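Given these sequences and hints, build the entire structure.
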Amino acid sequence: MKKFVNDPKRFVPEMLQGIALANPDTLRYVPDYNLIMRADAPRDDKVSIVQGSGSGHEPAHVMVVGKGMLDAACPGDVFSAPPMDYVLETSKLLNTPKGVLHLINNYTGDRMAFDMGRELAEAEGVTIRTVVVDDDVAVKDSTYTVGRRGVAGNFFVIKAVGAASEQGADLDELVRIGDKVNSVTRTMGMALTSCTPPAKGSPLFELGEDEMEMGVGIHGEPGRRREKLADANAIVDELLEAVVTDLPYERGDNVALMINGLGGTPISELYILYGRAHQQLADRGITVGRNYVGEYCTSLDMAGVSLTLVKLDDELVSLFAAPAEIAIRTF
Amino acid sequence: MKKFVNDPKRFVPEMLQGIALANPDTLRYVPDYNLIMRADAPRDDKVSIVQGSGSGHEPAHVMVVGKGMLDAACPGDVFSAPPMDYVLETSKLLNTPKGVLHLINNYTGDRMAFDMGRELAEAEGVTIRTVVVDDDVAVKDSTYTVGRRGVAGNFFVIKAVGAASEQGADLDELVRIGDKVNSVTRTMGMALTSCTPPAKGSPLFELGEDEMEMGVGIHGEPGRRREKLADANAIVDELLEAVVTDLPYERGDNVALMINGLGGTPISELYILYGRAHQQLADRGITVGRNYVGEYCTSLDMAGVSLTLVKLDDELVSLFAAPAEIAIRTF
Amino acid sequence: MDESFAAVEYVVHTIARTAVDNETYFGDLDAVVGDGDFGYSMARGFEIVLAGWDDIDRSDVGTFLKKIALTITGRIGGTSGPIWGTAFLRAGSVAGDRTAVTADDAVAMLRAAIEGIKARGQSDVGDKTLLDALVPAVDRLAAELAAGADGQRALDAAAMTARERAEATRELIAKRGRAAYTGERSIGTLDAGAVAVAVMAERVAGGWADHATPHTSSEEAP
Amino acid sequence: MDESFAAVEYVVHTIARTAVDNETYFGDLDAVVGDGDFGYSMARGFEIVLAGWDDIDRSDVGTFLKKIALTITGRIGGTSGPIWGTAFLRAGSVAGDRTAVTADDAVAMLRAAIEGIKARGQSDVGDKTLLDALVPAVDRLAAELAAGADGQRALDAAAMTARERAEATRELIAKRGRAAYTGERSIGTLDAGAVAVAVMAERVAGGWADHATPHTSSEEAP
Ligand SMILES: Nc1ncnc2c1ncn2[C@@H]1O[C@H](COP(=O)(O)OP(=O)(O)O)[C@@H](O)[C@H]1O
Ligand SMILES: Nc1ncnc2c1ncn2[C@@H]1O[C@H](COP(=O)(O)OP(=O)(O)O)[C@@H](O)[C@H]1O
Ligand SMILES: [Mg+2]
Ligand SMILES: [Mg+2]
Ligand SMILES: [Mg+2]
Ligand SMILES: [Mg+2]
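Residue numbers (this note's numbering), protein chains in the order written: chain A, 1 to 331; chain B, 1 to 331; chain C, 1 to 222; chain D, 1 to 222.
Quick caveat, the hints were computed from the structure, so don't treat them as lab data.
Bear in mind that the values here come from a model prediction, so they are computed numbers and not experimental data.
Any given hint could be a false lead.
One side only, chain C facing chain A, incomplete, derived with CB under 8 Å [said to hold, decoys possible]:
id	residue
1	G27
2	V33
3	A108
4	R111
Every residue gets a Cβ at the ideal spot worked out from N, C-alpha and C, and that includes glycine.
The following block contains the structure:
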């Protein structure tokens, strides 16, 4: 296994410890619950926004805690939803008179942990509402009853509700905004290589030199189809077709376009993909009003990419443009 | 080759095109000379800061063009210094009454291209001064007469002279600042894997499953020593020892610490390394006043890391804290 | 302590031991079409159960099982924490303040655990989950006991059923868990949770004859 | 046009052709302890020379070589652009407005190219660069011609020397170029630039007998 790791069982806590040491003034780390929270949270005048999920998707979500983004993240182990206790304790610690917003990606484990944690926290007097993110078009709702997965689109939900809550929005308003962003956001991902979870020490699946996996999620779970490796343009075109036709995004639409690296893809390649996607959207009469190129929601060291579109309106344009300060804002 | 690429010969121009499409208001792209420049450059009241180098180190340098950073970057092909003509034309296009500052990393090819390009540009009336970056402690000055390499430390030189030139510093002042930053900056890198240049299509060197390469540069050139793979802490300790003892950095020093990913290493792992480095420095009585964790100067898709220290004084603290707006500032 | 409390301890201890011993195997099974964390999650949770084994509150069987459930939900993430935690919790609720457990009690506790898993997982037999091994195995156990079989024979039969049905998950399309996203591609692969149930059942049956021997954590040290 | 101008064209064309044909080979040699771009850089530059071959200004040999030098420095990056560009430029300066080139002229042009490379690269024989093949090969060429050998014999001898000395770069520590950073580890590897010189010299010698045949770009189409 070619990784920077000490004891694989300490992978997540050591990462969190590093984040905490790098951000002593702005973040607080609670080791018992894998909890990274804003040092100034909870605040009486603001809904606390919490996202949990498995680890291995960094910067999501522990590195996007900060002003205008999350108030706290409680990650589980690599690719495992956090234990219910973490959700409970995090919710209690972040409790404010304005309530707590849970953001979760639509996976069985996450939903269970947050359902149970919420029930117990509510019993202790915490007001909680939940927004579920499920933007992945690779999974068809109808066939598999667990529904679509939440993938890189969660960034836009976080950004929008994070901005709105800084501006004083209440819990209901945040749920409205979060649900709205989710409803106009679609993503599709693909992988050139598998990823290697530190505790497993070997790749989750094997891909031949001339193969790629279309429709992968962010947990190294294989995609829906294995295909012959194609060039950058063909890959973008396939992802774009799947995403555009799903909502659908139409001629005249103004969109945010995200080209998200899955962890092992250099940013040079992401810009090659961006250029193609931007031009193909222009050819369809769709304008890219905002763009995001980089790593937002990864799958450990997987070489791969996901493409996300968000249909913009005036409200979203202004929320996405709002300032944000996060742990990985390093320049 | 597991890469997002169309025609490998178009790797660099397609990447630059993507950058240009993503930043239509702030950047200008001149395809003939691989040139990415600020849309508002040159400005009569400001020295233009230009850095060239081979491509494959993104975000360096084409993605760090912007307010408070570079005015222009003219990259060559992957791992090749730009042709002399690009340097000449870039220098002419960026010419201002206050002059042009060339930043170059200390490699034969880069020095030649910039020497020749500068000579010709000066003959056409452009005032140019040069700062050479050579922060890599893996290369010993004495033994190999080409001198140390310039690696991730160039970020700090760019940041400092970029901030100073926004504040109106003249060319001599920028050279003073650039040379000073370089003189207190040291870096050492290592790789877990090789990288694969798109035109070659296969890894530059082969590393066994249980091997690592200490002292690699950023061009996929092998390092000084191949060692048995070690855990994250041992790797940090070895890099840190080499860097700290070189300047040397001493008890009581305040430093900037950069943990720079080489392209294929996920940010989760970088924070594990950061945590160790921070703590080891504390044990040596050295304070980390600023930290940088992420990708600044990469080697395509190489899994690896470099560790940089900069000794801070009041001037550098203030320059590093100055605002900057760059193409990859995406949150 | 009643001998039948020792039997409960034995079963729980064997489950925990199996989870810890098979971390890699269970993880690899989950990696085929899932995300590979099943072995890791189970091992991390059950190793804490084993580490604190001697100190678990044994006032009654219900308390004992609920304490274990709390350790599981407190430490195991993913789907498995809630699923297995709920199972232990529900079994504990049925056991209540009993300090002895009859064969009928055991079947009732297992049935309650199953109902808990179904409710928590919104899942049922046929979804390619651990239920596909657990439900038929418990049915078989109950049937054998009802037909007058002794514990050993009933357990052997249940283990055999668990193994057969775990193998038969190959034919199913995953409808729950991370494997569900691969759709038809999950056909031909084993469900990790179902195999874990089979291995646990086999180990419970295999050691049943000696189960009266007390299981202490000191015995577990390598 | 004088026959000896055609000889210059032949040599340049063969160098360009060799660079393009050996992109992968030269790149792989540079990858061993360097950064692998040598083959790519040379091929990208010299393919432009070939593409515009018929239209290069042939007023005189100096102009012809200087135009080629400009293409090289304009397109080839890395160390090779300045090095090879300087070599062509210096050779062109010596040739000046000549339209015919004698054997002595040729040697003078090559010597000027060598001096240009040394000055540009701040390098010399022994640094494990192309100079380690080029310098002895040109010395040998001059010696053979001085001893009265005809062009073919002199070129054959020079090519043999280039090859021997390119092979001998294995014993050297790289002191210039990207390979220099590996220090002692560069021992045992061939210098890519020196091998390129050897292959070029061999191809020049090998085709010398037919060099009067005009070389047009149409002939190059695959
Ligand atoms: N909804 C569910 N109901 C019951 N069992 C489930 C459910 N989802 C998954 N399982 C079982 O859990 C196992 C996987 O557990 P784990 O790896 O922890 O979950 P995840 O799928 O979240 O990664 C599967 O092999 C299956 O037997
Ligand atoms: N300073 C120098 N002087 C002369 N030749 C050099 C020098 N540096 C490198 N070379 C030659 O150039 C070749 C490498 O060229 P290239 O790959 O373009 O340069 P780089 O080392 O910058 O990647 C080497 O094999 C060597 O023969
Ligand atoms: Mg999981
Ligand atoms: Mg090079
Ligand atoms: Mg799993
Ligand atoms: Mg090279």
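Legend entry - Hint numbers not upheld by this structure, sorted from lowest to highest: Hints 3 and 4 contradicted; others consistent.
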